[in-house]
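Asks: Make the complex out of the two chains shown on their own, each in a separate frame, by following the hints.
The listed protein sequences correspond, in order, to chains X and A.
Position one of the first sequence corresponds to residue 248 (this note's numbering), numbered consecutively onward.
Position one of the second sequence corresponds to residue 9 (this note's numbering), numbered consecutively onward.
No lab work stands behind these hints: they were computed from the structure.
Note that CB positions come from ideal geometry on N, CA and C, so glycine has one too.
Derived coverage of chain X by chain A (criterion: at least 3 residues anywhere in the stretch with Cβ under 8 Å from a Cβ of chain A; other residues may be distant): (1) 256 to 267; (2) 298 to 307.
The list that follows gives simulated cross-link-like pairs (lysine-lysine, BS3-like), each with its CA atoms no further than 27 Å apart: (3) A:K144 <-> X:K408; (4) X:K412 <-> A:K144; (5) X:K259 <-> A:K81; (6) A:K185 <-> A:K144.
Going by beta-carbon spacing under 8 Å, a handful of chain X positions derived as facing chain A: (7) F274; (8) V319; (9) V338; (10) A341; (11) R361; (12) A366; (13) G369.
Below, each chain spelled out in residue letters.
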Amino acid sequence: MIYLTLAIEFFKIGLFSIGGGMATLPFLMDLTTRYDWYTASELANMVAISESTPGPVGINMATYAGYNAAGVPGAIVATLSLTAPALIIIVLIAKFLENFSENPTVKAVFYGIRPTVAALIGYAVWELLKIAIVYTTGGVTHVDYTSAVICLGAFLLLQVKQLKKLHPLVWIAAGAVIGILFKM
Amino acid sequence: MMNIRKLGELYVSFFKIGGLTFGGGLAMLPMLQREIVTDRRWCTEEEILDMYAIGQCTPGIIAVNTATYVGYKQAGFIGGVFGTLGLVSPSILIICLVASILQNFIHMPVVIHALAGIRVIVCSLMLNTVFTMAKKGIVDKLGGVLFAGGFILACFTPVPTAMIIVLAGITGVIAKKFGRREDA
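Chain A on its own, in the form it takes in the complex (with noise of 0.2 Å):
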């Protein structure tokens, strides 16, 4: 059957695309160009851009959405679906196998030196990861509030994570359309 191959070619291309990339989101923005738009012609540069752009703006992880999209595009739900699972299954396969070897080893002086050094350097990146965020992210007064809002309600409140993001949203719906009426 037609749909069969076409379903293990979205699994196959997904799965090389996850196996090959490091870090997700825009560090796969080249692999997709080759595999997906010239390789298997299944979208236009423009769709995966698009799809880049939806991705920032609903729930999820950026390579899965972008994975369902042209998965969907190609063979309806089903496909979406194959995309999906093609492109999670690296991870499983090697996030698997790295802890469970580091479990016979986790308990050597060694290991654990080299962990703690690794936590320090961790936290650098976090750090740099959440000032370039917010850098982007904070374009006015509002955007500053809503930051240190969000921080110490996270910090010293019992708020739930969720409920911080939802709160945030409501908070950005009304500041625009009071926004738009000082405005007119």
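Bound-form chain X, shown alone (with noise of 0.2 Å):
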């Protein structure tokens, strides 16, 4: 049943990821690879909504693929599902556990996952390049040099401090402005 394949799927996300919304996007790109639920493509268009619409981003992309899997039902599973394992936790941590994030063990443990973390999100985001970037027409892979170089120029820009204070969505509506003008 696929509420329950859903649920199972969104509160291992909900155990793993850890550091934050982005945390979730490696767990979304693997279900591209096991389920039909959404195509990695349309995942670079959840991950923008997302961005772009209220609430928690992670909350956001959840919701979304729990929507293109199942409808709003299958969102509202997905969603408590992602949540689950939070509420679990961190009820224990309230009750058990003082200066949590002082031990040295946790500490230790997130002195490791940390630069990790980056990397996972940084295999989900070659993933969703090689969608944005790279064509097949014909059987023939080419490289689509405008992409490239737009999303460079981007990325050089918001290392530009008052650019990087922008809010995504002003870079994701410039990026719509950019597409329709290019006929990308």
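Replies: Now the structure itself:
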């Protein structure tokens, strides 16, 4: 049953995505290879919409993935399953553990996990890049240089201090305009 | 009943926070401070900041962890449930609405071009996130090794994402134990 599969998959994501909403991205990318709920290309749209609407990005992405998989009930099941592990863990921490984040073992675990989470998101971005920039027409694969230049240009602009503060919504809107102008 | 009123208040407060902030995580902090600390007086500023520290090193979405914690402190486990439900409700409503509207327009050329442009910009935004996270997460040589190793495992091997996270945590603990012996 799809709801049970959704519940199990998103509970797992909730349990293992550590360090904020974007940490769920590699798991969502993983799902594209195992289920036909949404394609990797649709995942890119989901990221854009989740960043441009209110609410935590991780929740928005889970809702969207669940909606694509099984409509509104799917959205509800995916979102609630994603939050369930946190609910249990936080209540346990609040009840039993003082100074949880100061515990040396906890610190050691996260010393190892932090760079790895960055790498895993890097992997998901790599997959997204392949979709956004590499095209296959008639069995021939080629790189779309316009897209590659725009991607690199936007990344470099993001390193400028004043531009960094702009809301992602502004960047995404700019992306839409560029896409229409260049007929991408 | 007093308790039911409290649960209602928790739901409404976190509904407001979920519906009026973009991005989750740190972007949510000012709204949390006003609603939870200043208006409702449910916890202190320090507790919110502690919660963020715990959120960094527990699974799940940071905003959900905070909603659970505040709800739990106010009305026990069921309070945690209501805080979380309030937080995710706007996301479910908004995302399902946007997704169903988008389905009707997704075949129009202008929408196709816009989404193609957006996908490229999403890559730039995500690359920037990876860059920032890597800068913060990689504090020494081992961090660099973990970053490279995690990326290679995710891209070129079928090792599940969750397993990579677990391996990274174990590596962190072993490295810290070993490192301390070296210091002494």
